[in-house]
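Please take these sequences and the hints and turn them into a complete structure.
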Amino acid sequence: ELNINPRLNKDDFEFKLSVGGSVLATNEIQINISQFDFMINYQLVYVDDDQEILCWTSSEIIEIISFDAPNIILKTLNVGEAVIYVSPANYPSVVFEILVSIV
Numbered sequence: 009e010l011n012i013n014p015r016l017n018k019d020d021f022e023f024k025l026s027v028g029g030s031v032l033a034t035n036e037i038q039i040n041i042s043q044f045d046f047m048i049n050y051q052l053v054y055v056d057d058d059q060e061i062l063c064w065t066s067s068e069i070i071e072i073i074s075f076d077a078p079n080i081i082l083k084t085l086n087v088g089e090a091v092i093y094v095s096p097a098n099y100p101s102v103v104f105e106i107l108v109s110i111v
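Residue numbering for the sequence shown follows this note's numbering, starting at 9 and increasing by one per position.
Because the hints were derived from the structure by calculation, they are not lab data.
Note that the structure is predicted; figures quoted are calculated from it, not measured.
Check the hints yourself; a few may be wrong.
[What the hints assert, rightly or not] Across the chosen pairs, the derived CB separations fall in these ranges:
#, residue 1, residue 2, range
1, F44, A77, 18 to 26 Å
2, T34, K83, 18 to 26 Å
3, E9, T34, 35 to 43 Å
4, S74, E36, 28 to 36 Å
5, I73, S109, 42 to 50 Å
We put the CB at the ideal spot given by N, CA and C, even for glycine.
Below is the structure:
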């Protein structure tokens, strides 16, 4: 059996974030530095039921603890700004950015 996915680009996807049950208008989040982990909920809209993502950062002020659908869990390490990159697992050429400001 062979599954062929259509070629899609970033405009064919919608990436929604929510924190504490509130949907965010942008992909920007401001959080307080804390010893506790921070959870971001996500949804890939227009993607067939598979919400699996790849998630990474090159920042040294946050650590990505896990990214099991539908949650991304972070640990804050220092104040500043960081970028989290998210890509649908089945479409690695599509990459979204989440700007995280830690205060």
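Outcome of the hint check:
1. F44 / A77: 18 to 26 Å: Holds - the Cβ-Cβ distance for F44 and A77, about 22 Å, lies within 18 to 26 Å.
2. T34 / K83: 18 to 26 Å: Holds: the Cβ-Cβ distance is about 23 Å, inside 18 to 26 Å.
3. E9 / T34: 35 to 43 Å: holds, 40 Å
4. S74 / E36: 28 to 36 Å: Between S74 and E36, where Cβ atoms are some 21 Å apart, the hint is violated.
5. I73 / S109: 42 to 50 Å: Violated, at about 19 Å.
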